[in-house]
Amino acid sequence: MSLDAHDVTWSVDGTPIIDGITVSIPRGRLTGLLGPNGSGKSTLLRLLAGLLRPRRGTILLDGRRLGELPRREVARRLAMVAQETSTDIDMTVADVVMLGRIPHRTGLAMTGRDGPRDVLETEKALARCGLAGWGGRRWSTLSGGERQRVTIARALAQDPTELLLDEPTNHLDIHHQLDLLRMLAGAPTTVVASLHDLNLAAQYCDHLLLMESGRLVASGPPARVLTERWMERVYRVRATVSLSPEGRPHLRYTPLAPAPAP
Amino acid sequence: MPAAPETPGGPVAPGAVTRRGRWPGAITLGGAGLVALVLSVALAVTVGAAGLSVGEVFQSLAARLGLPVTPLPPLQDAIVWELRLPRVLLAVLVGGGLAVCGAVLQALTRNPLADPYLLGISSGASTGAVAVLILGLGSAATLTTGAFAGSIAAFCCVLALAGTGAASAVRVVLAGVAVSQLFGAVTSLIVIWAGDAHGTRSVTFWLLGSLASASWSGVALCAAGAGLALVVCWAAAPALDAFAFGRETAASLGVSPGRTQLTLMVVTALGTSALVSASGAIGFVGLVVPHAVRFLAGSRHRSLLPACALYGGIFLLWADTAARAVFAPREIPVGVLTALIGVPAFAVVMRRGRGTG
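These protein sequences, in sequence, are chains U and C.
The first sequence lines up with residues 1 to 262 when you count with the working numbering.
The second sequence lines up with residues 1001 to 1357 when you count with the working numbering.
These aren't lab readings, by the way, just hints derived from the structure by calculation.
Incorrect hints may appear among the rest.
To be verified - Interface residues of chain U toward chain C, partial, derived using beta-carbon atoms under 7 Å: (1) A49; (2) L51; (3) L52; (4) G67; (5) L69; (6) R71; (7) R72; (8) A75; (9) M80; (10) I89; (11) D95; (12) L99; (13) T106; (14) T111.
Unchecked claim - Over the 12 Å line for every Cβ pair with chain C, so calculated as not near, a few chain U residues: (15) I25; (16) D197; (17) S219; (18) T227.
To be verified - Looking from chain C toward chain U, a few residues come up when the C-beta cut is under 8 Å (computed): (19) D1196; (20) A1235; (21) A1237; (22) R1294.
Everything numeric in this text was worked out from a predicted model, so none of it was measured.
Idealized CB from N, CA, C, for every residue including glycine.
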């Protein structure tokens, strides 16, 4: 396992956000992180990325404690795309993606000219996100979905073995959602992505994690997690699950009960 | 609303867009800036009550370098070396240094209104200088020392208030505002308590800034301050780029946000303190020059910071030259001129930036 969490807990002012999660992320697969709003998906991703230190428990990256590794060393292996990265900075797309090379640059090369390897990885990352030839565009002129794809390209430019994505399909039209998930599913990288569209998760993910109120309640292949029982308990919807010819579940939902009067 | 049709299979590459986008190359911008700087210095030295030509300035320089030329008469030589050259160089160093520190603090706090005095430095400097003056130790050297000590004291208060570790940008800004107010109040208190005109005049100097008391020791101090800020911040340029996307993104790119922020804040505070203790708090340069230069050089700090140093220096040099020449023999405070020249210049650059961007 490439990323392991053991009994990890995180709380804010005594309110538990993540409550004793133990999980192993399968290497080289696309893992979908599911759960309703406020179930702790983003916090779990930030803990796994080492951006937050767990109050209790440990997170291991290839068996080594994440908290004891230098930030730069972690960033050479593990990339994270957070949900909102709003900035009005006036940089070109190529410059933004080039930021992903920061952990790989040392000494004078840090600020000096971009090395050939850096340029190559940047261009590869742009191409993988369907952004080949976009290098000269300005970040400030891009739409939300375009910025999202540039940000994912920046993470890919880190050349990570572990990639954590917080709702990467946000702002993307359906065409680009499918493109992105197909690319992630086909990559040799270990990917954890939080997703809201359960049918997309069922279609592309190898492994699913289902969270509820800071706890991990179910994990396994899509057919084991996306069941009528779990949908009713965790999402409070009635789901009709059918299986596609490839054995992937497909869900149709109806509300469980009329919404309570305000 | 009809959406623009998109080509299936991904967007088409926009034709012939270079990697750098539309910003002029670093060589063009840097070369033009260097040439302009050298010419500006040579020209500005000739401006003043005693008429001197550019040729005479170079003649004096060549003679000092030991080249076989006739030296200038001693009086004119002294005007060049003791009066004008220190002042002109001080203007370049202070302008460049303030612009660099302003650009860095704007990136660190993600606040476009940040300037080098954000960390309480200008008010600390005036408190220190006025305290020294009231204690009756008012020689030029002790004044500079007092101002430097005061600004460092103010910065330490800001750090204590904001916390040194992972202080958020908002905390830093609020701490800076609070400490500036505190030191401003202390300065007023000292002046009123002592009740002498000397102190009042001194406060005006520190608040508006002036390059009139330029000396070679001031030039050396400012060269050290501005040089330190430029070198250290330039080395951290990629980290500053990453900061634009927030602390968490910076952290996920391998930049340690707490350590980077503290290092750069300490370096810009030291640099600004050196500049302010030689020239007072000259406003506007550190706030607006970085924005203007971003339109010319883009936001990547690798090119932004050296461009700020060059163009900030040129800008303050001409502002100060105008301050001492336009109403000669009277002098207007250079801080007044930076705004009077700077605002129209900034408007032009901003309009151009919008037109192409």
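Structure-based check of each hint:
A least Cβ separation of about 6 Å between U/A49 and chain C falls short of the 7 Å threshold, and the interface hint therefore holds. With its C-beta approaching chain C no nearer than about 6 Å, U/L51 sits inside the 7 Å limit, and its interface hint holds. At about 9 Å, the closest approach between the beta carbon of U/L52 and any beta carbon in chain C exceeds 7 Å, and the interface hint on this residue is violated. Annotation: U/G67 was flagged as interfacial toward chain C, and the flag is violated, the nearest CB pair being 13 Å apart, outside 7 Å.
Interface hint status for U/L69: violated, as the beta-carbon distance to the closest one in chain C is roughly 11 Å, over 7 Å. About 5 Å separates the beta-carbon of U/R71 from the nearest beta-carbon of chain C, less than 7 Å, and the hint is met. Here the hint on U/R72 is kept, as its CB sits about 4 Å from the closest CB of chain C, short of 7 Å. Interface restraint check for U/A75: the shortest CB-CB distance to chain C comes to about 3 Å, inside 7 Å, so the restraint holds.
For U/M80, the interface hint holds, the least distance from its beta-carbon to any beta-carbon of chain C being 4 Å, beneath 7 Å. For U/I89, the suggested interface contact is upheld, since its CB lies about 4 Å from the closest CB of chain C, less than 7 Å. Taken as an interface hint, U/D95 checks out: its beta carbon lies about 5 Å from the nearest beta carbon of chain C, inside 7 Å. Contact between U/L99 and chain C, as hinted, is supported at the beta carbon level, the nearest pair being about 5 Å apart and thus within 7 Å.
Interface restraint check for U/T106: the shortest CB-CB distance to chain C comes to about 11 Å, outside 7 Å, so the restraint is violated. Interface hint at U/T111: satisfied, since its Cβ lies 5 Å from the closest Cβ of chain C, which is below the 7 Å cut-off. For U/I25, the condition that its CB be more than 12 Å from all CB atoms of chain C holds, with the nearest at approximately 17 Å. With a minimum CB-CB distance of about 21 Å to chain C, U/D197 clears the 12 Å threshold, and the non-interface call stands.
Look at U/S219: its CB is around 25 Å from the nearest CB on chain C, clear of 12 Å, so calling it non-interface holds up. The claim that U/T227 lies off the interface holds: its Cβ sits roughly 34 Å from the closest Cβ of chain C, which is beyond the 12 Å cut-off. A cut of 8 Å between beta carbons decides the hint on C/D1196: the least distance to chain U is about 49 Å, and the hint is violated. Here the hint on C/A1235 is kept, as its CB sits about 6 Å from the closest CB of chain U, short of 8 Å.
The restraint placing C/A1237 at the interface with chain U holds, with a minimum CB-CB distance near 5 Å, inside the 8 Å limit. At a threshold of 8 Å, the smallest CB-CB gap from C/R1294 to chain U is about 6 Å, leaving the interface hint in force.
The structure shown violates the earlier hints numbered 3, 4, 5, 13 and 19.
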